[in-house]
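Enquirer: This is what each chain is made of:
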Amino acid sequence: MKKNLSLPIIILLFWSLFPLLWQLYTSFCTPEALTHPLEIIEHRWTLENYRQILKSDPPFIRYLFNSILLGITTTLLTLVFSLPAAYGLVKIKPYKAKLIRIILFGIALFPYVLLFLALLEIARDLNIGNNILMLSIPYSALSMPLAILLLTSALKDIPSELEEAAKLEGLNLAQRLKWILIPLIAPATSSTAILVFIFSWNEYPIALTWLSNPDLLTLPVAIARIAGSSVYSVPYGAYAAATVLGALPVLLIVIIFQKQIISGLTQGAIKG
Amino acid sequence: MIGLLILPAALLIILIFGTPLIRYIWLSFHASSVITGLVPIANKGANWQRLINDQRFWQDSFQTFRFAALSVSLELFIALAIALLLNQKWRGRNLVRAITLLPWALPTTVMALGWRWIFNTPYGPIELIVNLIGLDQFNILSNPNTAWLATVLGDVWKTTPFIALILLAGLQTIPQDLYEAFKLEGGSNKEALFKITIPMLKPYILLSILFRLAQAFGVFDLIQVMTGGGPAGSTESLAIYAYLNAMRFLDFGYSSTIMIGSFILIVFSSIFSIYLFNKFKNIQGYSR
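Just so you know, the sequences run in chain order A and B.
Sequential numbering from 51 applies to the first sequence in this note's numbering.
Sequential numbering from 1411 applies to the second sequence in this note's numbering.
Calculated directly from the structure, the hints in this document are not laboratory data.
Be aware that a few hints might be false.
To be verified - If you want the ones that stay clear, here's a sample from chain A, every Cβ over 12 Å from chain B, calculated:
1) E98
2) P108
3) M194
4) E214
5) E219
6) W229
7) A236
Claimed, not checked - Examples of chain B residues lying across from chain A (beta carbon under 10 Å, computed):
8) L1417
9) L1512
10) Q1625
Because the structure is a prediction, the values reported are computed rather than measured.
Ideal Cβ positions, reconstructed from N, Cα and C, are used throughout, including at glycine.
Make a model of the complete structure from these sequences and hints.
Expert: As structure tokens, this is what we get:
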């Protein structure tokens, strides 16, 4: 069974990293270096691309900030709705809970991009377009089916005797939540939170239609807008710098929270 | 009483997922465009009549189908290979697993822009290699016959990690004794893959197909940024067409019709592909 695995591992690493490394390389290149990739030229490396996008109007940092704000409010809102719902799902009659879980699973499969037009109409009717905080309402609703499924499967794993015993000891719901339920589902809650945050960080079609004010754009929309702005003269160095900055936060999240993400993805998919 | 805890989430989900569908069905029987000042006016089945005769809709359906079919099948194969590799024990496995996950976590628009640069003619690395070998330029993104393959590659790159993780979780549920017993009876590794691994993974493969097919049918971000639906509309997906009708042609009635039409196609093709998958399994004679 022990074969030499180094070749497949190298191929896998190359496959996963090459496009990213190419962007990183491009982001430090001068325009001349990009158009003369194979020749020896004087000025190959530069930080000008980064300087340019950090100084643009509005500065790129603004989009990062918008996306972080949206990600945090979406995550909190999702958890505030999903945690009680998941607890309720564990406590109601099993056949009802099963039916609801199947419906939630079906909704989670739905390609939500098809919703953009009706959501746009809602935003227009309620006059809540161009508002980052309001955007977190559809975002959290879109992440909720999966979040509820994840949290339900974690809550189901808690033996009900544990809660019964605590009840007998005279702990009320708030105390039971504090001492038993929350600590036990903390891992599932954190993986849910991270998945929701990543969804919100990456979401594009709804943000594209809800936000038009240049100061309020989220990162994916800002980047797509850069891409569409100038088809003829293509300042790829600056684009690459923008993509590197936009990718960095997610890269950090993946490296730090690898375990939670993997358990969230697999649990959500499999037990759901 | 405890059921009330579910209510707020249920209401929000119904508002965001349910009302749009009802709204679309209603709008699909109305004219609501620039001409009517976006005020819906009932037009019986005119939108649906138009959809059935709309060549562009059927062409986009075909394009979306082949995109989804090729993407999801490639993803399954590559993901299985990755999962088998990550399921073995070697040093640095956890780090490699994190790196494998990176493409999945990045915003699609970010990497779509990256791919556009990689496929760029003449400065992207693909064309550079082609040049070095001495071939003619590929012009992948500006050739209607090849541009969609580039978008497939972008999709495969991004979503394979997700399937790989699901399959990896499936691999970890297969008891090791099964393989040992199989080997004692004289089976080879390759046979074990087809007689044990793949049959045992069946529910996980089904799950991946379900998840990914629906998402691939709704492909939007990647195409929008990478090719904008071009060249010559060759990469235009149903979601892009619906988007164009709503946001550029300002025809909400027809856009809704396209979305309900796409939704029906998605449901049918998901059911059909699962039926196909099951049938394929039965031909192979697996008992499970």
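Enquirer: Against the structure, test the hints numbered earlier, and report the numbers of the ones violated in rising order.
Expert: 3
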